[in-house]
Structures are given as C-alpha cells and as structure tokens.
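Residue numbers (the working numbering), protein chains in the order written: chain A, 1 to 327; chain B, 1 to 327.
If you are wondering where the hints come from, they were derived from the structure by calculation, not from laboratory data.
Treat the hints with care, as some may be off.
Note: identical chains are not told apart, hence a pair may lie in one copy or across any two.
[To be verified] Here are the simulated SDA-like pairs of lysine to any residue, each with C-alpha atoms no more than 20 Å apart in a straight line: (1) Lys55 with Lys224; (2) Lys167 with Lys221; (3) Lys98 with Arg281; (4) Lys203 with Gly180; (5) Lys98 with Leu277.
Letter by letter, the chains look like this.
There are 2 protein chains.
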Amino acid sequence: MAMPFVQGEIRAQLVEQQKCLEQQTEMRVQLLQDLQDFFRKKAEIETEYSRNLEKLAERFMAKTRSTKDHQQYKKDQNLLSPVNCWYLLLNQVRRESKDHATLSDIYLNNVIMRFMQISEDSTRMFKKSKEIAFQLHEDLMKVLNELYTVMKTYHMYHAESISAESKLKEAEKQEEKQIGRSGDPVFHIRLEERHQRRSSVKKIEKMKEKRQAKYSENKLKSIKARNEYLLTLEATNASVFKYYIHDLSDLIDYCDLGYHASLNRALRTYLSAEYNLETSRHEGLDIIENAVDNLEPRSDKQRFMEMYPAAFCPPMKFEFQSHMGDE
Amino acid sequence: MAMPFVQGEIRAQLVEQQKCLEQQTEMRVQLLQDLQDFFRKKAEIETEYSRNLEKLAERFMAKTRSTKDHQQYKKDQNLLSPVNCWYLLLNQVRRESKDHATLSDIYLNNVIMRFMQISEDSTRMFKKSKEIAFQLHEDLMKVLNELYTVMKTYHMYHAESISAESKLKEAEKQEEKQIGRSGDPVFHIRLEERHQRRSSVKKIEKMKEKRQAKYSENKLKSIKARNEYLLTLEATNASVFKYYIHDLSDLIDYCDLGYHASLNRALRTYLSAEYNLETSRHEGLDIIENAVDNLEPRSDKQRFMEMYPAAFCPPMKFEFQSHMGDE
Numbered sequence: 001m002a003m004p005f006v007q008g009e010i011r012a013q014l015v016e017q018q019k020c021l022e023q024q025t026e027m028r029v030q031l032l033q034d035l036q037d038f039f040r041k042k043a044e045i046e047t048e049y050s051r052n053l054e055k056l057a058e059r060f061m062a063k064t065r066s067t068k069d070h071q072q073y074k075k076d077q078n079l080l081s082p083v084n085c086w087y088l089l090l091n092q093v094r095r096e097s098k099d100h101a102t103l104s105d106i107y108l109n110n111v112i113m114r115f116m117q118i119s120e121d122s123t124r125m126f127k128k129s130k131e132i133a134f135q136l137h138e139d140l141m142k143v144l145n146e147l148y149t150v151m152k153t154y155h156m157y158h159a160e161s162i163s164a165e166s167k168l169k170e171a172e173k174q175e176e177k178q179i180g181r182s183g184d185p186v187f188h189i190r191l192e193e194r195h196q197r198r199s200s201v202k203k204i205e206k207m208k209e210k211r212q213a214k215y216s217e218n219k220l221k222s223i224k225a226r227n228e229y230l231l232t233l234e235a236t237n238a239s240v241f242k243y244y245i246h247d248l249s250d251l252i253d254y255c256d257l258g259y260h261a262s263l264n265r266a267l268r269t270y271l272s273a274e275y276n277l278e279t280s281r282h283e284g285l286d287i288i289e290n291a292v293d294n295l296e297p298r299s300d301k302q303r304f305m306e307m308y309p310a311a312f313c314p315p316m317k318f319e320f321q322s323h324m325g326d327e
Numbered sequence: 001m002a003m004p005f006v007q008g009e010i011r012a013q014l015v016e017q018q019k020c021l022e023q024q025t026e027m028r029v030q031l032l033q034d035l036q037d038f039f040r041k042k043a044e045i046e047t048e049y050s051r052n053l054e055k056l057a058e059r060f061m062a063k064t065r066s067t068k069d070h071q072q073y074k075k076d077q078n079l080l081s082p083v084n085c086w087y088l089l090l091n092q093v094r095r096e097s098k099d100h101a102t103l104s105d106i107y108l109n110n111v112i113m114r115f116m117q118i119s120e121d122s123t124r125m126f127k128k129s130k131e132i133a134f135q136l137h138e139d140l141m142k143v144l145n146e147l148y149t150v151m152k153t154y155h156m157y158h159a160e161s162i163s164a165e166s167k168l169k170e171a172e173k174q175e176e177k178q179i180g181r182s183g184d185p186v187f188h189i190r191l192e193e194r195h196q197r198r199s200s201v202k203k204i205e206k207m208k209e210k211r212q213a214k215y216s217e218n219k220l221k222s223i224k225a226r227n228e229y230l231l232t233l234e235a236t237n238a239s240v241f242k243y244y245i246h247d248l249s250d251l252i253d254y255c256d257l258g259y260h261a262s263l264n265r266a267l268r269t270y271l272s273a274e275y276n277l278e279t280s281r282h283e284g285l286d287i288i289e290n291a292v293d294n295l296e297p298r299s300d301k302q303r304f305m306e307m308y309p310a311a312f313c314p315p316m317k318f319e320f321q322s323h324m325g326d327e
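Can you build the whole structure from these sequences, using the hints too?
Written out as structure tokens, the structure is:
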C-alpha cells in the first residue's frame with residue numbers, strides 16, 4: 001500500500017516546513033537582537049570618544065583664552081596665520097566631538113528602536129502565518145484521507161465483483177453437467193428417475209440466476225467506486241499542487257511581509273547619520289586646509305611690526321644743527 | 001642738545017626690537033609645544049577609540065563565527081541579504097578601528113616630530129639673528145657717535161673763530177686811537193715825547209697782525225669742521241635709513257626662515273592622514289549601502305527553500321493504483 005506511506009511523508013513535510021519558518025523567525029529575531037546590542041555598544045563608544053575630544057578642545061581653549069592672541073581673535077579675525085591654524089584645529093576637534101555625540105544619539109533614539117520594532121513585527125507575522133498554515137494543513141490532510149478512503153472502497157468493491165464472478169462461473173459449470181446427463185436413451189430410464197432429474201436442473205438454474213444478479217450488482221458498484229477514485233485522485237493532485245506551489249509560497253511571503261523594507265529603512269538611517277558626520281568632518285578639514293594655504297610670512301611680518309609700532313617705526317631724519325649765527 | 005637724546009632713543013628702540021623678536025620666538029616655541037601636546041593627547045584618544053571598535057567587532061565576529069551562516073559565508077558569498085549587511089557592518093567597524101589606529105600612528109611618528117623640529121629651528125634661527133643684530137647695532141651706534149663728535153668739533157671751532165674775530169676787532173680800535181693823537185701841532189711837542197709814541201704804534205700794529213693771523217686760522221678750521229659735519233650727517237641718515245628699511249626687515253625674515261613652509265608641511269601631513277581616513281570610511285559605507293540596496297525578499301526566499309530541500313520540494317503526483325487485473 002503506497003498511499004498511507006506518501007500521506008505520512010507529506011504530513012512529516014508539513015511539520016518540517018513549520019519548523020523551518022520558525023527557525024527562520026528565530027534567526028531573524030537573533031540577528032535583530034545582535035544589531036541592537038551592537039549599536040548600543042557602539043553608541044557608548046561614540047559617546048566616550050566625543051567626551052574625550054570635547055575635553056581635549058576645552059583644555060587647550062582654556063589655555064589660549066587668556067592670551068593676547070585670543071583677545072585679538074575676539075576683536076578681529078586678523079590673527080597671525082599659524083595661530084589661526086591652531087584655533088581652527090581646536091574648532092575641528094570640537095566639531096568632531098559634536099558630530100560623534102549626534103551619531104551616538106541617532107543610534108540610541110532611532111536605529112535601535114527600528115530594529116526592536118522589526119523584531120516584534122517578525123514574531124507577530126510568524127504567529128499569524130502559523131494559524132493560516134494550520135488551517136491549510138488541515139484541509140490538505142482531509143483531502144488526502146478522502147483519497148485514501150475512496151481508493152480503499154474501489155479496491156473492496158472490485159474484489160467483491162471478482163468473487164461474485166467466479167461463483168457465477170461455477171454455477172454455469174454445474175448446469176452444463178446436468179444438461180449433459182439428460183442426453184441418455186429414454187427406454188433405459190425409469191419413470192420416477194426422470195422426475196428427480198428435472199427438479200435438480202431447476203434448482204441449478206435458480207442458483208445461477210441469483211449469482212448472475214449478485215455479480216452484475218457488484219460489478220456496477222466497483223465501476224462507480226473506480227470513477228469516484230479517479231475523480232478524487234485528480235482533485236487531490238490539484239490541491240497538493242496548489243498547496244506546494246501557491247499556498248506555501250504565500251506563507252513564506254507572509255512571514256517576510258515588510259521585513260526587508262523595514263530593515264532597509266533602519267540601515268539607511270544609520271548610513272545617513274554616518275554620511276552626515278563625514279560631510280561635516282570634511283567641511284572642517286577644508287577650512288583648515290584653506291588656513292594652511294594662507295600660512296604667509298609676509299602678512300604675518302606686517303602684523304608683527306604693527307603690533308609693536310614703537311619698536312619698528314624709523315626715527316626722524318637728523319637735521320643740521322647750526323652753531324649760533326652760523327647759517 | 002637734541003643729539004644725545006635722539007641717539008639714546010634709537011639705542012632704546014634697538015633693544016626693544018630684540019625684545020620683540022625674542023617674544024615672537026617664545027610665542028612660536030609655545031605654540032609648537034601646544035601643538036605637540038595636542039596631537040599627543042589626540043593620538044591617545046584615537047588609539048583608545050580604535051581599541052574599543054576592535055573589541056566591539058571582535059565580540060560579535062566571535063559570536064557569529066560558529067553559526068551555520070558563517071560556514072556558508074566561508075564557503076560561498078551567497079548569504080541571506082540581511083546577514084550580508086550584518087557582516088559588512090562588522091567589517092566597517094573593523095575598518096574604522098584600523099584607520100583610527102593609523103591616524104594615531106601618523107600623529108605620533110610624523111606630525112609631532114615635525115613640530116619638534118620646527119621649534120628647534122626657530123630657536124636656532126633667532127639665536128643667529130641675535131648675533132647679526134648685535135653687529136648691526138654696534139655699527140649703527142658707531143655712526144651715531146661719530147656724528148655727535150663731528151658736530152661738537154664744528155661747534156667748538158666755530159666758537160673759537162668767533163672769539164678770534166672779536167679780539168682782532170679790538171686791536172684795530174687801539175690802532176685808530178694812536179693815529180688820531182699824532183695829528184696835534186708839531187711845535188708843541190718835545191723831541192723825546194715824539195720818540196715814545198712811534199714805538200707804541202709799532203707795538204699795536206704787531207699785535208693786530210698776530211690776531212689777524214689767529215682769526216683766519218680759526219675761521220678756516222671752523223669751515224672745515226662744518227663741511228665734515230654736513231658730510232657725516234648725510235652718511236648717518238643713510239645708515240639709519242638702511243638699517244630701519246633693509247637690515248631690520250632682513251633680521252625678521254631671518255627669524256622666519258622656513259617657519260611657515262615647515263608648518264605648512266606638518267599640517268598637510270595631518271590633513272592628508274585625516275582625508276585618507278575619510279576616504280576609507282566612505283568606501284566602507286558605500287559597500288554597506290550597496291548591500292542595503294540588495295536587501296531582496298525574493299532571492300532570500302529562494303535561498304531559504306534551497307537550504308531545506310526536504311521540506312519544500314513538492315511530492316510525487318498521486319498515480320492511479322489499480323486493483324489486481326483492473327486497468
């Protein structure tokens with residue numbers, strides 16, 4: 001009997017399919033957990049980095065805030081070009097500090113939240129898909145049982161019609177025997193003997209008719225069952241095909257619903273935060289590069305001499321000092 | 001007397017100039033010291049940041065190294081698209097870690113060394129410029145003293161010639177007196193009286209001649225001294241002009257020699273290190289972005305079903321199971 005075997009095989013496969021979907025969901029939940037832990041830890045690192053940079057900038061800013069150059073800096077931007085570079089270096093560290101703080105903030109208050117949400121959604125979608133799958137499996141098993149039943153019925157009826165047929169054949173044989181005997185010469189037979197024979201022939205005929213009827217009846221039943229079986233067979237194959245090719249695929253799609261799209265959005269949030277940091281950093285470096293291009297001895301020399309006019313302005317020309325009355 | 005005053009003023013100015021150049025050098029040395037301290041501290045921060053990132057990546061790499069996905073990863077690159085993003089995130093952290101370590105390394109072994117060198121050079125150049133300045137000041141003071149001397153001489157000789165002239169005038173008056181007396185009538189005078197007068201007239205004439213000679217001599221000296229003074233005056237103004245307009249400017253240039261150029265090179269080293277880090281970081285982010293673009297449910301579904309063929313391959317079509325002899 002191939003059927004119950006195949007049927008059992010399919011049932012096992014359906015269970016296996018559920019296991020796979022469950023495992024997939026677990027792997028997703030695990031991945032999303034890792035992503036959250038990862039960004040939480042990275043946020044810590046960024047915050048610490050930001051704090052250290054801030055401290056560094058603050059330490060040197062405080063040091064220079066008192067100096068004459070800094071007063072100058074506050075007054076106008078006309079600084080000695082190296083001092084200007086120095087201030088821009090400190091500004092850059094400040095900027096980096098701010099940017100990494102922002103990064104950490106986006107991780108904690110946006111990216112991580114998104115992963116959390118996706119994880120919950122995945123679990124919820126899987127649960128729902130499980131209910132749908134259960135129903136689909138129920139229906140499929142019903143169809144398979146049905147198929148098994150109708151096949152059995154067909155086999156049974158077919159067996160019965162075969163046995164009925166053989167009984168009928170046997171009856172026909174006996175009848176022929178009887179007809180064969182009644183072919184003997186008449187003058188040899190006694191009157192009462194003749195009477196006996198006639199009655200037994202009748203009996204045989206009756207029996208033959210009964211078996212004939214029985215056989216036809218079973219034959220009909222078996223043909224009906226056979227057709228029933230053939231129709232169910234077709235229907236079953238259709239359902240199985242439908243499940244494996246459409247329903248199963250839909251089940252998987254259902255579990256995936258929104259997963260990739262949300263993941264995409266979450267990771268884009270991370271990426272744009274990183275790209276923004278990069279842009280800001282780059283702007284700052286360009287400002288410094290520009291200041292480095294403007295490292296200029298000539299203008300610094302000018303400023304230096306202007307800073308100390310008393311020391312560098314040339315004295316009056318010496319005039320002729322005439323002696324009394326001399327011209 | 002204006003001269004010694006002006007002279008003193010100039011000497012004070014020369015001293016002031018040295019003070020300014022010394023102060024400038026001290027400010028440069030201080031700035032370069034700050035820059036070294038700044039980069040030393042920033043190098044520490046970058047190293048710590050790099051270590052933390054490395055730890056972070058290592059922690060999650062170790063976690064995933066065991067998983068089935070990772071075996072897959074080792075085997076082929078055909079990963080589920082979200083898992084692929086996850087691995088690229090870890091790679092990016094690894095990359096950032098390496099890049100910040102490199103940054104710290106360049107600060108310590110290149111940038112700081114350069115600032116150190118520039119600081120030493122500035123001090124050395126200032127010392128040399130000081131020697132040159134000393135010589136220039138010596139010469140200038142010599143010229144100024146010279147000018148003072150020749151002016152004094154001129155005034156002295158001029159004074160002498162004036163006094164000689166007045167003495168000569170007086171002698172001429174006496175002579176006139178004598179000539180006036182000798183106009184009296186002759187018969188009143190005694191013979192011996194006439195003799196007396198003649199001798200005194202002679203005396204006066206002698207004195208007058210002597211004074212005449214003295215006067216002319218002094219007059220000549222004073223004119224000579226006056227010309228000497230005028231020439232020295234011109235020479236002095238020329239030297240003072242030369243010092244203030246050329247020598248002083250050269251002195252400042254000498255102190256600046258190579259300062260801006262070396263500073264430029266040092267800061268460019270810093271900038272290129274930062275720009276390199278940025279480029280690498282950007283490449284990494286682009287790789288992740290590409291993976292995010294490839295977050296694809298369809299292909300993942302395909303992979304998922306291939307991972308568990310036993311669960312998802314459709315069963316054989318159900319065939320008609322004929323009962324003995326039935327066709």
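We went through each hint and held it up to the structure:
With identical chains, the CA atoms of Lys55 and Lys224 are never at most 20 Å apart, being 93 Å at best within one copy and 76 Å at best between copies. Taking identical chains as interchangeable, the C-alpha atoms of Lys167 and Lys221 lie at most 20 Å apart only when both belong to the same chain, with a minimum of 17 Å there against 181 Å between chains. For a Cα distance limit of 20 Å, the shortest separation of Lys98 from Arg281 qualifies both inside one copy, at 10 Å, and across copies, at 18 Å. Taking the shortest alpha-carbon separations for Lys203 and Gly180, only the intra-copy value of 16 Å comes in at or below 20 Å, while the best inter-copy value is 226 Å.
With identical chains, the CA atoms of Lys98 and Leu277 are at most 20 Å apart both within one copy (9 Å) and between copies (18 Å).
Hint check: a violation occurs at hint 1 only; the rest are consistent with the structure.
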